[in-house]
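Following the hints, complete the assembly by docking chain X onto the known chain G.
In the order they appear, the protein sequences are chains G and X. Under our numbering, the first residue of the first sequence is numbered 87, with each subsequent residue one higher. Under our numbering, the first residue of the second sequence is numbered 87, with each subsequent residue one higher.
Simulated from the structure, these hints should not be mistaken for lab results.
If we take Cβ atoms under 10 Å as the criterion, some of the chain X residues that face chain G in the derived model are:
1) Leu123
2) Gln216
3) Leu222
4) Ala229
5) Val234
6) Leu240
7) Met249
From a predicted model like this one, the values you see are computed outputs, not experimental measurements. Glycine included, C-beta positions come from ideal geometry on N, C-alpha and C.
There are 2 protein chains.
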Amino acid sequence: MGARPIAFDAWLAARVQHVETVLDQLLPEAAVVPQTLHQAMRYAVMGGGKRVRAVLVYAAGEASMPAGTAVSAQEIALDHVAAAVELIHGYSLVHDDLPCMDDDALRRGRPTVHVRFGEAVAMLAGDALQPLAFDLLSQMPVAPALIVQATQILARAAGSLGMAGGQAIDCESVGVALTGEQLQVMHGMKTGAMLEASVVLGGVVAGASSTVRQRLEDYAAAIGLAFQVVDDILDVTSDTATLGKTAGKDAAVDKPTYVSVIGLERSRELLESLRLRAHEALLPLGPASHRLAEIADYIVGRDR
Amino acid sequence: MGARPIAFDAWLAARVQHVETVLDQLLPEAAVVPQTLHQAMRYAVMGGGKRVRAVLVYAAGEASMPAGTAVSAQEIALDHVAAAVELIHGYSLVHDDLPCMDDDALRRGRPTVHVRFGEAVAMLAGDALQPLAFDLLSQMPVAPALIVQATQILARAAGSLGMAGGQAIDCESVGVALTGEQLQVMHGMKTGAMLEASVVLGGVVAGASSTVRQRLEDYAAAIGLAFQVVDDILDVTSDTATLGKTAGKDAAVDKPTYVSVIGLERSRELLESLRLRAHEALLPLGPASHRLAEIADYIVGRDR
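This is chain G alone, in the form it adopts within the complex (with noise of 0.2 Å):
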């Protein structure tokens, strides 16, 4: 008889408590010179957040293992990996929060990082957490080949063909009427990227097959766009304090979103149709996927 299953949100619970952890101790020290620098990496890093990436990460990692796996050398290449994807995307809000871009001075309920330490050290913190990503992965107890894809994988889905591509596509877009499917392609670069890599390497770390690659990059790709149809839902129906970031905030600078594109009833239905298109791609999987499929509906259900 197997041990009985915890709940969904008592692991999410326990998995995000552990990546916490797990940042703490691979982020640089507050004390170690330059002092400013570290403290903002740190701000950046540890100010909460759904950690939605990491626990792909750990999630997709369960759905791979094969029997037989050396468990305790896969769970330190999770964490590396999961701390990895949390670092590249605290330096992609960092940057993105800057005057220059969106602007922002509050994330998380909290001063935004220049708000808090400048601007320089904003944009240096978000520069210096972008290599200690890939020095993470270089340290990761597994073949040296899984760390050279991984490696990739991960500049990749960080580079200008998808997070800071996606990025500048949207800053370009402000004013400017998007189809639906110029939409599509912007958030599956600006954030589907990071998802997608985030559930994929969880997936190569734990020494997934290429048939379970394969399913897992379906499914990323269905929660990687569900996830800003959600983003784009809560902007208009949710309010400041419950996102903790400022709402009507892309209506405010005319900004394209799924709902100012195709309206708030089709988002909708687009929202759950991507639910049901992550639950197929895990059908051949089998119970070790039941975490992702419960990511699946927790990242549709999310109310911040």
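Just chain X, lined up with the frame of chain G:
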């Protein structure tokens, strides 16, 4: 009878020309979406410059290659490393020039990236150049274990204990009286870390033994420091037209430099002792290291 050695100037010009071609091939095309971002990345990286880091990669590779090395794979790997260090250097210049940092409008005799493309695109171009560097390393046709080593070396040189950290200390030092030693720590991180990484990376990828690598590190430490001392001397002795960037800038903002801390005469003495230290470090490596020796003289003697 060996081939007659090519004179240093001709070798240098050929290597610089070569890395320009390599960068042109490895950067995303300007016509690829997002076009503006890719144009800005190319503008940032392809705008000339001395290519000291790339040239160090090639010279260190030449000094380290064991007899019988498969030259073609090695050459591709050195090209990728040379491009990677130039991408990291290029991104750092783009971010350093931004208004929230040095606020410089001129670089290599041309408008800086944010003047030409706007601040948001400039920041994102820098952000996207960084992962591209790691992507290029991941594609090298050498043993995965060497790629992992290279990734770690580059990540640390670029990070908070290297270049980005030195930049942070520099920002905090405007108007602050630094000791000669503090100045050395700051420059060792800000400029030295990436110059040293360039030398060591060239060695690692070419299969340097640990003994050779140690000599390369000693050499690199000396020229890394020499490079900054020359920069500080040129800032007070040269003019804007020759430098291709604003001369007298450090003195104008009361930024500590070698010249302001130890004076022009002692700065020149320090420079000569560093040049000799670099030559000494290379002695055990024999004739294969002659380009590195010539580069030391070149760095010390440069006028821009």
